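*Asks:* Sequential numbering of the sequence shown, starting at 876, is according to the working numbering.
Derived by calculation from the structure, the hints in this document are not laboratory data.
Computed from a predicted structure; not experimentally measured.
Do not take every clue at face value.
Stated by the list, open to error - Using C-beta positions, here's what the derived DEER-type ranges look like:
no., residue 1, residue 2, range
1, L877, F971, 40 to 48 Å
2, V953, L879, 43 to 51 Å
3, A888, S943, 14 to 22 Å
4, P929, T970, 40 to 48 Å
5, L957, T878, 38 to 46 Å
6, F973, A945, 21 to 29 Å
7, F971, D930, 44 to 52 Å
8, A949, T878, 15 to 23 Å
9, F881, A952, 32 to 40 Å
10, I922, F894, 19 to 27 Å
11, A888, L938, 20 to 28 Å
Even for Gly, the Cβ is constructed at its ideal location relative to N, Cα and C.
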Amino acid sequence: MLTLEFFLIISAALFSLGFAAVLTRRNVIMILIGIELMLSSANLNFIAFWRFGPDPDALTGVLFVLFSIAVAAAEAAVGLALIILIYRHFKSTNTFNFSLLNG
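Given these sequences and hints, build the entire structure.
*Replies:* See the structure below:
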C-alpha cells in the first residue's frame with residue numbers, strides 16, 4: 876500500500892535532483908530541466924496531499940496541478956525563447972556568457 880510518506884520521499888528526491896542540476900550545471904538547457912524537475916516535485920506534492928487529504932472528492936489538488944502545468948509551460952516557452960536569442964548572439968548557452976550582457 877502506498878502511503879503519503881512514500882510520495883513525499885519521491886518528491887523530495889525529485890526536488891533535490893532538480894536543485895542540484897540548477898546549482899551545478901552551466902548549460903542553460905540543463906538548468907531549465909532542473910527547474911522543471913522541481914516543479915514536477917511540487918505537482919507530486921499537490922496530488923499526494925489532495926489524495927490523502929480529508930476530502931479527496933474535491934478536485935482542489937488537480938486544479939492546482941493544472942494551473943502549475945500551465946505556468947510551467949509558459950515559463951518554458953519564455954525561457955527557451957530567451958535561450959535562442961542568447962545563443963544567436965554568443966553562439967553558446969553557457970551561463971558564463973550572461974555576465975557579458977551587462978549594459
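*Asks:* Hint by hint, work out which the structure violates, then give me just those numbers in ascending order.
*Replies:* Failing hints, ascending: 2 and 8.
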